[in-house]
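Residue numbers (the UniProt record's numbering), protein chains in the order written: chain V, 1 to 194; chain U, 1 to 194; chain D, 1 to 334; chain W, 1 to 334.
If you're looking for bench data, these hints aren't it; they were derived computationally from the structure.
Wrong hints could be hidden among the right ones.
[Stated by the list, open to error] Here are the simulated DSS-like pairs of lysine-lysine, each with C-alpha atoms no more than 27 angstroms apart in a straight line:
hint, chain 1, residue 1, chain 2, residue 2
1, V, LYS153, D, LYS183
2, D, LYS5, W, LYS5
3, D, LYS320, D, LYS288
4, U, LYS113, W, LYS96
5, D, LYS206, W, LYS234
[Unchecked claim] Among the chain U residues that face chain W by a calculated CB cut under 7 angstroms, a handful are:
hint, residue
6, THR3
7, ASP36
8, ASN40
9, GLY76
10, ALA78
11, PRO81
12, ARG114
13, GLY160
14, LEU165
Fair warning: this is a prediction, and the values are worked out from it, not measured in the lab.
Just so it is clear, CB atoms sit at the ideal spot from N, CA and C, and this is done for glycine as well.
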Amino acid sequence: MLTVELTKKWMELFYAQIDQEKAYLSELDTPIGDGDHGNNMKRGVDGVKDSLAKLKDPTLKETLRTIAMALISKVGGASGPLYGTAFLEMAKKCDESQEPAILFAAALEGIKKRGGAKEGDKTMVDVWAPTVKALTDGSFGTEQIKQAVASTKEMIARKGRASYLGERSVGHLDPGAMSSGYLFETFIAAGGVK
Amino acid sequence: MLTVELTKKWMELFYAQIDQEKAYLSELDTPIGDGDHGNNMKRGVDGVKDSLAKLKDPTLKETLRTIAMALISKVGGASGPLYGTAFLEMAKKCDESQEPAILFAAALEGIKKRGGAKEGDKTMVDVWAPTVKALTDGSFGTEQIKQAVASTKEMIARKGRASYLGERSVGHLDPGAMSSGYLFETFIAAGGVK
Amino acid sequence: MKEMKKIINSPQDVVPEMVDGLVRSYPEYLKQIPETEAVVRSDQASMKGKVGLVSGGGSGHEPTHAGFVGKGMLSAAVCGQVFTSPTPDQIYAAIKAVNQGKGVFLVIKNYSGDVMNFEMARDMAEMDGIAVKEIIVDDDIAVENSLYTQGKRGVAGTVLMHKLLGAAADQGASLDELETLAKKALPHISTIAVALSAATVPEVGKPGFELADDEIEYGVGIHSEPGYRREKIKPSKELVAELLSKIDEVQHLDATHQYALLINGMGATPLMEQYIFSHDVLNKLAEKNITPVFTKVGNYMTSIDMAGISLTIFELAEQKWLEYLNYPVATVAW
Amino acid sequence: MKEMKKIINSPQDVVPEMVDGLVRSYPEYLKQIPETEAVVRSDQASMKGKVGLVSGGGSGHEPTHAGFVGKGMLSAAVCGQVFTSPTPDQIYAAIKAVNQGKGVFLVIKNYSGDVMNFEMARDMAEMDGIAVKEIIVDDDIAVENSLYTQGKRGVAGTVLMHKLLGAAADQGASLDELETLAKKALPHISTIAVALSAATVPEVGKPGFELADDEIEYGVGIHSEPGYRREKIKPSKELVAELLSKIDEVQHLDATHQYALLINGMGATPLMEQYIFSHDVLNKLAEKNITPVFTKVGNYMTSIDMAGISLTIFELAEQKWLEYLNYPVATVAW
Ligand SMILES: Nc1ncnc2c1ncn2[C@@H]1O[C@H](COP(=O)(O)OP(=O)(O)O)[C@@H](O)[C@H]1O
Ligand SMILES: Nc1ncnc2c1ncn2[C@@H]1O[C@H](COP(=O)(O)OP(=O)(O)O)[C@@H](O)[C@H]1O
Ligand SMILES: [Mg+2]
Ligand SMILES: [Mg+2]
Ligand SMILES: [Mg+2]
Ligand SMILES: [Mg+2]
Chain V
1 MLTVELTKKW
11 MELFYAQIDQ
21 EKAYLSELDT
31 PIGDGDHGNN
41 MKRGVDGVKD
51 SLAKLKDPTL
61 KETLRTIAMA
71 LISKVGGASG
81 PLYGTAFLEM
91 AKKCDESQEP
101 AILFAAALEG
111 IKKRGGAKEG
121 DKTMVDVWAP
131 TVKALTDGSF
141 GTEQIKQAVA
151 STKEMIARKG
161 RASYLGERSV
171 GHLDPGAMSS
181 GYLFETFIAA
191 GGVK
Chain U
1 MLTVELTKKW
11 MELFYAQIDQ
21 EKAYLSELDT
31 PIGDGDHGNN
41 MKRGVDGVKD
51 SLAKLKDPTL
61 KETLRTIAMA
71 LISKVGGASG
81 PLYGTAFLEM
91 AKKCDESQEP
101 AILFAAALEG
111 IKKRGGAKEG
121 DKTMVDVWAP
131 TVKALTDGSF
141 GTEQIKQAVA
151 STKEMIARKG
161 RASYLGERSV
171 GHLDPGAMSS
181 GYLFETFIAA
191 GGVK
Chain D
1 MKEMKKIINS
11 PQDVVPEMVD
21 GLVRSYPEYL
31 KQIPETEAVV
41 RSDQASMKGK
51 VGLVSGGGSG
61 HEPTHAGFVG
71 KGMLSAAVCG
81 QVFTSPTPDQ
91 IYAAIKAVNQ
101 GKGVFLVIKN
111 YSGDVMNFEM
121 ARDMAEMDGI
131 AVKEIIVDDD
141 IAVENSLYTQ
151 GKRGVAGTVL
161 MHKLLGAAAD
171 QGASLDELET
181 LAKKALPHIS
191 TIAVALSAAT
201 VPEVGKPGFE
211 LADDEIEYGV
221 GIHSEPGYRR
231 EKIKPSKELV
241 AELLSKIDEV
251 QHLDATHQYA
261 LLINGMGATP
271 LMEQYIFSHD
281 VLNKLAEKNI
291 TPVFTKVGNY
301 MTSIDMAGIS
311 LTIFELAEQK
321 WLEYLNYPVA
331 TVAW
Chain W
1 MKEMKKIINS
11 PQDVVPEMVD
21 GLVRSYPEYL
31 KQIPETEAVV
41 RSDQASMKGK
51 VGLVSGGGSG
61 HEPTHAGFVG
71 KGMLSAAVCG
81 QVFTSPTPDQ
91 IYAAIKAVNQ
101 GKGVFLVIKN
111 YSGDVMNFEM
121 ARDMAEMDGI
131 AVKEIIVDDD
141 IAVENSLYTQ
151 GKRGVAGTVL
161 MHKLLGAAAD
171 QGASLDELET
181 LAKKALPHIS
191 TIAVALSAAT
201 VPEVGKPGFE
211 LADDEIEYGV
221 GIHSEPGYRR
231 EKIKPSKELV
241 AELLSKIDEV
251 QHLDATHQYA
261 LLINGMGATP
271 LMEQYIFSHD
281 VLNKLAEKNI
291 TPVFTKVGNY
301 MTSIDMAGIS
311 LTIFELAEQK
321 WLEYLNYPVA
331 TVAW
C-alpha cells in the first residue's frame with residue numbers, strides 16, 4: 001500500500017541515490033546521449049525535496065501530484081515529462097487504489113503514451129514494463145530490477161537521443177533505465193514491498 | 001661597386017637563404033612578435049625573383065627599383081615598407097654612386113625615416129647602422145654582421161611589435177635584424193666585397 | 001582528457017546569467033519574462049494582432065534561440081538548461097506572454113525532450129483556450145528517418161524556419177497559414193555537419209566525445225551526438241564535396257531551382273574557416289551551374305564550444321520564400 | 001604542442017579564398033577590387049558625393065574589416081595576409097576605388113606595419129591629387145603609451161571608430177570634420193582583453209604562445225602579443241573586476257557620464273561565455289550606478305581561433321556619438 005509516509009521515505013532515499021550517482025548517470029548518457037541525465041535528475045529530486053517540504057499534512061494524491069509538478073518543472077529534457085507524467089498518473093489513480101502494482105501500471109501507461117516508446121526500444125520503459133509485470137506475478141525485487149536495467153545494454157535504441165546512434169547504441173546501458181532502476185530499488189528500500 | 005650582375009647574384013643567394021631559414025625567422029618572430037617574419041620575407045623574395053626574371057637588360061636603377069617594388073607589394077607587415085624603402089633609396093642614389101657604403105647609407109636613412117627607429121631600439125636598424133659604419137671603416141665582414149645581429153638579443157625593443165613586451169623582449173634576437181644579417185651575408189657571398 | 005576552461009562563474013548559473021546578460025545588453029529587443037528563462041520581444045506593439053511565434057530548446061546554441069527574438073522574427077524564446085529542453089511551465093509562460101488572440105505557433109526541434117515538453121505546454125495553453133499549432137523541424141539528413149525511430153534531428157535549418165515564419169507572421173499570416181507554410185518548406189531544408197571537436201557542457205566538464213588531433217567526424221549533431229563517419233582531416237574542398245554529395249542525394253540539386261545557403265559555425269570555428277568553406281561550397285555548386293540567391297555565413301546554431309561547421313541548403317520552391325528570407329527584422333543575431 | 005586542425009585548403013591560400021568566399025556570399029554588400037584582396041561596397045550609389053572611408057590591416061580578425069563595409073560604415077577594406085599589414089599598392093587601389101572627389105579617410109590600427117604601409121599608400125594617393133587624412137587607433141590600454149615606444153595597440157575599439165566615422169561620412173561630414181571627430185572620440189575609447197589560448201596562424205601551424213590548461217593571460221593583443229600578467233583561471237566576475245579596474249584607472253568611470261560597451265569574443269569563445277561576461281560587466285558597472293546606453297556583444301575583432309574576450313568602454317562625451325552608434329547600416333557584420 002502506498003502511503004504518504006512511505007512516499008516521503010521513498011523520495012528521501014531516491015534523492016540520496018540520485019545525489020550519489022549523478023555523475024554516473026551523466027556518464028551513461030555520454031556515449032549514447034548528451035551527458036546530462038544525472039544533472040537533469042538531480043535538479044528534479046532537488047525540486048521534489050523542496051516542494052514536499054512545503055506541504056502540510058498532504059493527502060497521498062497531493063503528495064504524488066506535488067512530486068509530478070516538481071519533476072515536470074525542474075527536470076526538462078526527455079526524462080522530465082516522462083517521470084512527471086508517471087507521478088501524475090499515479091496521483092490520478094490513487095483514489096481508486098493504493099496498490100503499487102496498479103499505480104505503477106497507470107504510470108507506465110502514461111510514460112508509453114507521452115513518449116511513444118515500446119518495450120525493447122532501449123528506454124526507461126524497459127525497466128517499468130517488466131517491473132509492473134513482476135509486481136503482479138510476485139517476482140518483483142532488487143534482482144529483477146537489476147536484470148531489467150541490464151537488459152537495455154544489448155538493445156538497439158529506437159527512441160530518444162540514443163536512437164540517432166542506431167546499432168552503435170548496443171553495448172551501453174540506457175541512462176533512463178538506470179535512474180528508473182534506482183526509483184524502484186529505493187521503493188523497496190523504503191519498505192514499499194515486504 | 002654594385003652592378004646588375006652582382007645584384008642578381010645577391011638576390012639569388014638571398015632568396016636561397018630566406019627559403020632555407022623561413023621557419024627560423026618566423027620562430028624568432030614568435031616570442032616577441034607575431035610569428036610571420038619568415039613567411040613575409042619568403043613572399044618578398046618570391047616576388048623579387050619573379051619580377052627580376054621579367055626584366056630585359058635592365059639598368060642598375062631599374063633592377064633596384066624592381067626589387068623595391070616587389071618587396072613593397074609582396075611583403076606587407078612592418079618589414080615590407082622598410083626593405084622596400086631601403087632598395088628604393090638605393091635606386092635613387094645609384095646614378096650618383098655605385099659604392100656599397102654610400103648606397104647602404106642612403107638605404108639606412110630611408111629605413112630610419114620610414115620607421116622612426118634609432119640604434120638600440122632592437123630593430124633591423126641595429127644591423128644596418130653598424131654595417132654601414134663597418135663598410136666605411138673597413139671592418140665589414142661576416143663576423144661583424146653576426147655580432148650586430150647578436151647585439152639585438154640584450155636590447156629592450158622600442159619599435160615594432162616587440163616593443164609591446166617592454167623588458168620581456170630582452171633575451172630574444174630581433175627577427176628583422178636576423179633577416180638583415182642574411183641580406184648582408186649574402187651580399188658578401190655574392191662577391192659584393194672582395 | 002583536457003580540463004574545462006571557460007569564462008563562467010559556476011556551471012549551475014550558466015543559463016540564468018547568460019539570459020540576464022543577453023537581455024540587459026539588448027533591452028531594445030528583449031525582455032525577460034519574470035521568474036522564467038524565457039525571453040520576449042520588448043517591442044510589444046510589433047506583436048499586436050498577430051500570431052505569436054515561440055521557439056526554444058536547450059541552451060548552448062547561442063545566438064539561437066533568443067538572438068532571433070524581435071520584430072519580423074520570433075515573438076519569444078524559451079531557454080532550457082544547457083542541451084536540455086525547457087520545462088512545460090516555462091514554455092507555457094512564453095505562449096501566454098505572446099498570445100494576442102490570434103493563436104501561437106511553436107517551432108520545435110525534433111528531440112524527444114523538446115517534443116514532449118512543448119506538447120505538454122501546448123496542452124496547458126489549449127486548456128486556457130489559446131489556439132496552438134506547431135512544426136517539428138528535422139532538417140539534419142545525417143540521421144536516417146524511419147517510422148521506428150525518433151527520426152531526424154532539428155539543427156541549423158531551424159534558423160531559416162524562424163526567419164520564414166517570422167516574416168509571414170509579421171505580414172499577418174494566420175495560424176493555419178503558418179502551419180501550411182512550415183509544412184511546405186520543411187522538406188526543402190537539409191543540413192549536414194562536420195565536427196573537429198565536441199562541445200563541453202559546463203556541468204559535465206569534459207567534451208561529449210574525443211577526436212584525435214587529426215580526426216574529424218561527419219554528421220555530428222548539435223549536442224555532440226555522434227555522426228556517420230570518422231576520418232583524418234581533409235582540405236576544406238573535400239569536406240565540402242562529402243557534405244554536399246549527401247545533400248545532393250536528398251535534394252537532387254539542379255540549376256533549374258533556386259537555393260538559399262546557410263553556412264553555420266558551431267561555436268569555436270572562426271569566420272576565416274567559414275568563409276573558406278563557403279568559397280568551396282560556392283565553387284562546387286557552380287560546377288552544377290547553381291548560384292545561390294541567398295547566403296548567410298556565421299555562428300547561428302552553435303553547439304557551445306564545438307569546432308565544426310554545418311551546411312544547410314534550402315530549395316526555394318516558392319518565390320515568396322526568398323522574400324521572407326530578405327524581409328527586414330530587428331533582432332540581436334539575424 | 002597541439003597539431004593545427006583547421007577547415008582550410010592550403011595555408012598560403014587562406015586570404016584569397018576567404019575574401020572570395022565572403023564577397024560571393026554577400027554580393028548585396030561587397031565587391032572585390034580586381035587583382036587585389038581589397039573589398040569595396042557594391043552599393044556604389046551610397047558613396048556618391050561623400051568622403052570615402054577605408055580601413056584594413058592583417059587578416060585574421062574577421063568579421064573585421066570587410067564585414068563592416070557597406071552603406072553607413074566603411075567604403076572599402078583592405079585584407080592583408082594573416083596578421084600582416086596589407087601592402088601600399090592594395091591600399092592605394094582601395095583609396096582610388098572609393099574616392100569621389102571629397103577625399104578619403106583612413107582608419108589605421110597602431111602597428112608599425114599598418115602605419116607604414118598605409119602612409120606609403122597615402123603618399124601615392126596624394127601624388128595623384130587625392131586628399132587623404134587618417135586616424136591611428138590605439139585603444140588597447142594594456143600597453144603603456146610612451147613617446148619612446150610604438151605606443152598602444154589598436155584593437156576592438158577600432159570597430160566603434162568605424163561605426164562613428166561611417167555614420168558621420170554617410171551624413172555628409174567633410175574630410176576635416178571626420179578627422180576632428182576621430183581625434184575627439186579616440187581618447188574616450190579603452191579596450192583590454194583576457195586570453196584563454198593563443199591564435200594559430202595557418203602558415204605557422206602552432207599557437208603564438210602556450211598557456212597551461214588552467215592559465216589565462218591579461219592584456220593580450222589581437223595577434224597574440226603577450227599581455228601583462230598570467231595567472232590561474234578565475235570566475236568570470238573576477239576577470240571582469242580585473243579588466244574593469246584597469247579601464248577605470250584610465251577613464252575614471254562615473255555615473256554622470258554616458259557609456260557604450262563592446263564585449264568582443266576573440267574567435268573561439270562562444271556567445272554563452274560572452275553573455276555571462278556581459279552579465280558580470282553590467283553588474284559591476286551597476287555598482288557605480290552606471291547603465292551603458294549602448295551595448296554590443298559578439299565576435300567583432302577576433303584573433304583567428306584565440307579563446308578570450310575583450311572589453312571596450314567608450315565614454316560618449318557627445319550626444320551625437322550615440323546617434324552615430326545607432327545609425328542604421330547595411331553591412332555583413334555590424
Ligand atoms: N520517447 C521516450 N520514451 C521513453 N523514454 C524515453 C524517451 N526518450 C528518452 N527517454 C528516456 O530518457 C532518458 C534520457 O533522459 P535525459 O538525458 O534526462 O533527457 P535528454 O535526452 O533530453 O537529454 C533516456 O535514457 C531514456 O530512458
Ligand atoms: N619602426 C621600425 N623601424 C625599423 N624596423 C622595424 C620597425 N618596426 C618593425 N621593424 C622590424 O620589422 C621586423 C618585423 O617584421 P615582420 O614580422 O615582417 O612585420 P610585422 O611586425 O608587421 O609582423 C622586426 O623584427 C624589426 O626588425
Ligand atoms: Mg540527456
Ligand atoms: Mg611579424
Ligand atoms: Mg539533454
Ligand atoms: Mg605581421
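Should the hint that U/LEU165 touches chain W count as held when the rule is a Cβ pair under 7 angstroms?
-> holds (6 angstroms)
Taken at face value, is the distance from the CA of D/LYS183 to the CA of V/LYS153 at most 27 angstroms?
-> violated (37 angstroms)
Proposed interface contact between U/GLY76 and chain W, which counts if any beta carbon pair is under 7 angstroms | holds (4 angstroms)
Does W/LYS5 lie within 27 angstroms of D/LYS5 when you go C-alpha to C-alpha?
-> holds (19 angstroms)
Does U/GLY160 pass the interface hint, meaning its C-beta sits closer than 7 angstroms to a C-beta of chain W?
-> holds (5 angstroms)
Once the shortest beta carbon distance from U/PRO81 to chain W is found, is it less than 7 angstroms?
-> Result: holds, 4 angstroms to nearest chain W Cβ.
Given pair status - W/LYS234, D/LYS206, alpha carbons within 27 angstroms | holds (18 angstroms)
Minimum Cβ distance from U/ASP36 to chain W below 7 angstroms?
-> With Cβ-Cβ at 5 angstroms, under 7 angstroms, it holds.
Against chain W, with CB atoms and a cut of 7 angstroms, does the hint on U/THR3 hold up?
-> violated (28 angstroms)
Keeping to a limit of 27 angstroms between CA atoms, is the pair of U/LYS113 and W/LYS96 held or broken?
-> Between U/LYS113 and W/LYS96 the Cα gap is close to 26 angstroms, so the pair holds against 27 angstroms.
Does U/ARG114 pass the interface check with chain W, least Cβ-Cβ distance below 7 angstroms?
-> holds (6 angstroms)
Verify the interface restraint on U/ALA78: the C-beta must sit less than 7 angstroms from at least one C-beta of chain W.
-> Cβ of U/ALA78 sits 4 angstroms from chain W, so the hint holds.
Hints 1 and 6, counting from the list given before, are not met by this structure.
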